[in-house]
Structure formats: C-alpha cells, structure tokens
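Protein chains in written order, with our numbering: chain A, 5 to 152; chain B, 5 to 152; chain C, 192 to 282; chain D, 192 to 282.
Read the hints as simulated data drawn from the structure, not as lab findings.
Honestly, I wouldn't trust all of these hints.
Mimicking EDC-like on lysine to aspartate or glutamate, the simulated pairs with C-alpha atoms at most 16 Å apart in a straight line are [claimed, not checked]:
| hint | chain 1 | residue 1 | chain 2 | residue 2 |
| --- | --- | --- | --- | --- |
| 1 | D | Lys211 | D | Asp244 |
| 2 | D | Lys201 | D | Glu272 |
| 3 | A | Lys127 | D | Glu210 |
| 4 | D | Lys262 | D | Glu226 |
| 5 | C | Lys211 | C | Asp243 |
| 6 | C | Lys258 | C | Glu272 |
| 7 | C | Lys258 | B | Glu60 |
| 8 | B | Lys89 | A | Asp13 |
| 9 | C | Lys201 | C | Glu217 |
| 10 | A | Lys89 | B | Glu60 |
| 11 | C | Lys262 | C | Glu226 |
| 12 | D | Lys262 | D | Asp230 |
| 13 | B | Lys127 | C | Glu210 |
| 14 | A | Lys89 | A | Asp130 |
| 15 | D | Lys262 | D | Asp233 |
| 16 | D | Lys201 | D | Glu218 |
| 17 | A | Lys89 | A | Asp13 |
| 18 | D | Lys258 | A | Glu60 |
In this text the structure is predicted, and so the values were computed from the model without any measurement.
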Amino acid sequence: MAARVQQEDFDAAAEVAALTAGRTDIGAIVTFTGRVRGGEGGVAAMTLEHYPGMTEAELSRIEAEAHSRWPLQASLIVHRVGELKPGDNIVLVATASAHRQAAFEAAGFLMDYLKTRAPFWKKETDASGNAVWVEARQSDDSAARRWS
Amino acid sequence: MAARVQQEDFDAAAEVAALTAGRTDIGAIVTFTGRVRGGEGGVAAMTLEHYPGMTEAELSRIEAEAHSRWPLQASLIVHRVGELKPGDNIVLVATASAHRQAAFEAAGFLMDYLKTRAPFWKKETDASGNAVWVEARQSDDSAARRWS
Amino acid sequence: MSDIRKRRVKLLYFAWVREKVGSGSEEVELPPQVETVSDLIDWLRTRGPQFDDAFARPQVIRTALDKVHVKPAVRVAGAREIAFFPPVTGG
Amino acid sequence: MSDIRKRRVKLLYFAWVREKVGSGSEEVELPPQVETVSDLIDWLRTRGPQFDDAFARPQVIRTALDKVHVKPAVRVAGAREIAFFPPVTGG
Numbered sequence: 005m006a007a008r009v010q011q012e013d014f015d016a017a018a019e020v021a022a023l024t025a026g027r028t029d030i031g032a033i034v035t036f037t038g039r040v041r042g043g044e045g046g047v048a049a050m051t052l053e054h055y056p057g058m059t060e061a062e063l064s065r066i067e068a069e070a071h072s073r074w075p076l077q078a079s080l081i082v083h084r085v086g087e088l089k090p091g092d093n094i095v096l097v098a099t100a101s102a103h104r105q106a107a108f109e110a111a112g113f114l115m116d117y118l119k120t121r122a123p124f125w126k127k128e129t130d131a132s133g134n135a136v137w138v139e140a141r142q143s144d145d146s147a148a149r150r151w152s
Numbered sequence: 005m006a007a008r009v010q011q012e013d014f015d016a017a018a019e020v021a022a023l024t025a026g027r028t029d030i031g032a033i034v035t036f037t038g039r040v041r042g043g044e045g046g047v048a049a050m051t052l053e054h055y056p057g058m059t060e061a062e063l064s065r066i067e068a069e070a071h072s073r074w075p076l077q078a079s080l081i082v083h084r085v086g087e088l089k090p091g092d093n094i095v096l097v098a099t100a101s102a103h104r105q106a107a108f109e110a111a112g113f114l115m116d117y118l119k120t121r122a123p124f125w126k127k128e129t130d131a132s133g134n135a136v137w138v139e140a141r142q143s144d145d146s147a148a149r150r151w152s
Numbered sequence: 192m193s194d195i196r197k198r199r200v201k202l203l204y205f206a207w208v209r210e211k212v213g214s215g216s217e218e219v220e221l222p223p224q225v226e227t228v229s230d231l232i233d234w235l236r237t238r239g240p241q242f243d244d245a246f247a248r249p250q251v252i253r254t255a256l257d258k259v260h261v262k263p264a265v266r267v268a269g270a271r272e273i274a275f276f277p278p279v280t281g282g
Numbered sequence: 192m193s194d195i196r197k198r199r200v201k202l203l204y205f206a207w208v209r210e211k212v213g214s215g216s217e218e219v220e221l222p223p224q225v226e227t228v229s230d231l232i233d234w235l236r237t238r239g240p241q242f243d244d245a246f247a248r249p250q251v252i253r254t255a256l257d258k259v260h261v262k263p264a265v266r267v268a269g270a271r272e273i274a275f276f277p278p279v280t281g282g
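Model the full structure from these sequences, guided by the hints.
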C-alpha cells in the first residue's frame, strides 16, 4: 500500500514489478494509467495543482478503504503534478489480488474515489493559449456514488 | 486490435508501449495480468493446452465484440500456453480509450469472455505431484452473463 | 460420391476428453443416422469403452464446428472439423 | 489568552479560489461570530471584493479542516488549518 505525488514521470512497468516482486500468491494485477489527451477535443498543455499534505493523506485514506472492501495483496497510487503535455502520464493505479474481480473492482474504486476526493486541480491550456480550470464532472460524482 | 497465443513470457510494459506509441488521443489505459498462484491453495505447476486456430479466431471475435460495444482506440490480448510455474504470467489484456470507464469495462469484458469462450484448458499439479484438470467455475459463467 | 466425401470429417479431442479417448484427432466417416452434434456423441459412445467413458456426461462436453462454438442440437452436415472438449478454463 | 490563540488559523486557497483571492495562504484571527465553515465563508466575503468574488457561489466551494473534507455546517473550533478550493479534478 503506497501513495505518492510527484512531478517526474513514472515507469508503470517498474512500479508494478516492485509491487509484485518475489510474490507467488498474486493471481491478478490490474493497472490504470491516465494520460493527457491532445488533438481534437484535447489540450495543448495542462497544469496540475494539489494540496501538499492533504493529497497524500487523502490518497492513503482511499487506499485503506479499498483494502477494507477487497482482499488486496498490494496496491499503488502515483499521481503527477506540475506542467504536463499531451501524451504525458498523469496517474497510475495498480491493484493485486488472488482473483480478478477484486483487482478490477478495487482499481475502479480507487480511480472513482481519487477523482472526487483527492485534492488535485487541472488547468488546461488550449491551442490558442487560453487557460481554464477544468470543471468537475457530474459523471465522476455518480461513478463514485456506485460504491457507497 | 491484436490477439496472440505463445509459449514464451510477455513484457506487459513493452506491449502497452507498442500499443500506445506516438498517440496523444488516448486518455485511459487499463491492463489485466493473470498469473499462476503458488503457495497455500496454489499449485506447484500448471500446463495450459489450447485449440490452435480456434483460439486465435475466438480471441479475435471477443476483441471485435469489445470494440463494437466500447469506443476503444487500441486493445491487445496475449495468452500463454505450455508449462508454467507459480509467479509466471498467464494472460495479458490491455485496453486504451479516451475515457476511463470504457477502458475499465472493456478490459473486464475481455477477461470474462476469454474465461468462458476461448479454448484453453489448465491442468494443475499440486505439491504431491497429483495432476488434475481444472474445472470450470460457475462464477465465471455468471461474470460473463452480466454483459449479455 | 460427393455425398460420401462430405461425410468425412476430422474429429479433434482436447484436455481430459483427449486423455480418455486416447488420441487427439482422427478422421471418420459419419454414419447416415448422425444428423446433429448430439447424434454424433451418441454414435461415438458406441465405438468402444474409452469413448463411452469420455462422453459419459454429455452435459460437460463442449463442441466446436469448424472452430466455432455450437450447441448439441446443431446439425453437423458440411462441417470439416468437429472438436470436443470440456468447458474452457483459460485466463 | 489560550482562547485567543485557538482562534488563530491558517487559511489556504487553491486553484481558482487562490487566483481570485490573490494569495495561496494567510494567517487570520477568527471573529467570535464564526462558528461553522459556512459562517467563516460569510465573514471572508466581507473582507474585500476579491473575497466576495471568490466565495460568491458557496455551493462550488469545498472545505478541508486540518486536511480532511468537511461539510459547510461543521464547526471550525480547534482547527489549525482551513483550506478552500473548487471541486477536485484530478485523475
């Protein structure tokens, strides 16, 4: 169980390898990687702000909640902050369990809760240089509510 | 869209990198990795048999079905056959989409359908050397039915 | 002549069906009374104790005609390859 | 003396709340009438046009007391750090 916030990129493969190294009791690993989308309907650049201290605490609370709901053998959340470009990684969530359903559900739960509870804010810049704060989406709230 | 059956191990990171290389329209990538479980309640060794020709055809049909149901930008299924040991990789499923819900649901769908439709059979050997064919689980059938 | 050629099929057996039958594949001439997958299983069971044992519980036998899953009531006419196997357990 | 010390809190502002307020953090002495988060927002709005603008729509302001999400009706007594921000948009 680990949650990190960092400016630098992450290596999803190395993170998962470290999470599961030497273990033979893991039957299922699910990873979610979120990336900055560019192109049509995408952005030219993105800045991610967060609340240092609360972010880590909130991510740990979300992770602990996932472990209380599903039999997980390992989990990881890595979230980037700062300046990001299209194609850049934003977030990595990984869950490991004996069985696939627990790993899938816990990964979905972590992302839904992270989206509605972890104190991150995205400011997007479009091709013309206009910067706007991303508005929270109703669909994220309803996604999170399905777990309560 | 690609489905492969192979004896050799796979490198999940390299597979995902190849799947998404140079693309900035992908916002969400979900991977599922299935592994041989050892230890208590686990196995000492496993042999995976399949139906060459039908396996590839069935995996491609399952993948096409996923693409017809969700807006996926890329997907991949790699399944190993032959002799495997505890901790070894068995299967990799990866889905890429603009949004996380499509990527999550499609990956879950691919695994559920693969488990009930792709012609693979596991023979497990326990610590005492007894080899038995794994019986299909009712729970896999009900997991697959939720998509129909 | 063409009728007779159409009745020649390749049979494939996998996993414990293969082990019980004692072979992974064979070519057979289907007798006239075999119309459906179910008929084929009934006929196979008459071919010896190892077949009778392998197909003793038809409800746990799955069938593919030319590499496509089919139900027991499906007609086998025209198929070139018919495979029998237990419920699948991959993933 | 100890009562007065308890009423000193650190306020933090994030994202567009920070931009509108014009500052990321400040230390303030809470006036006696401020009992809840909601009261605090009402008082902050009296502190100048930039505060009035930042907190003009309280329904889109989220609050954390000592790094824990709270509702507007929660009492602020005892908190050392109170943060205001828009609905979160990470992930």
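Each hint, compared with the structure:
no. : hint                : in the structure
1   : D:Lys211 - D:Asp244 : holds (7 Å)
2   : D:Lys201 - D:Glu272 : holds (5 Å)
3   : A:Lys127 - D:Glu210 : holds (12 Å)
4   : D:Lys262 - D:Glu226 : holds (13 Å)
5   : C:Lys211 - C:Asp243 : holds (9 Å)
6   : C:Lys258 - C:Glu272 : holds (8 Å)
7   : C:Lys258 - B:Glu60  : holds (10 Å)
8   : B:Lys89 - A:Asp13   : violated (33 Å)
9   : C:Lys201 - C:Glu217 : holds (6 Å)
10  : A:Lys89 - B:Glu60   : violated (37 Å)
11  : C:Lys262 - C:Glu226 : holds (13 Å)
12  : D:Lys262 - D:Asp230 : holds (12 Å)
13  : B:Lys127 - C:Glu210 : holds (12 Å)
14  : A:Lys89 - A:Asp130  : holds (11 Å)
15  : D:Lys262 - D:Asp233 : holds (15 Å)
16  : D:Lys201 - D:Glu218 : holds (4 Å)
17  : A:Lys89 - A:Asp13   : holds (12 Å)
18  : D:Lys258 - A:Glu60  : holds (10 Å)
Hints 8 and 10 from the earlier list are contradicted by this structure; the remaining hints agree with it.
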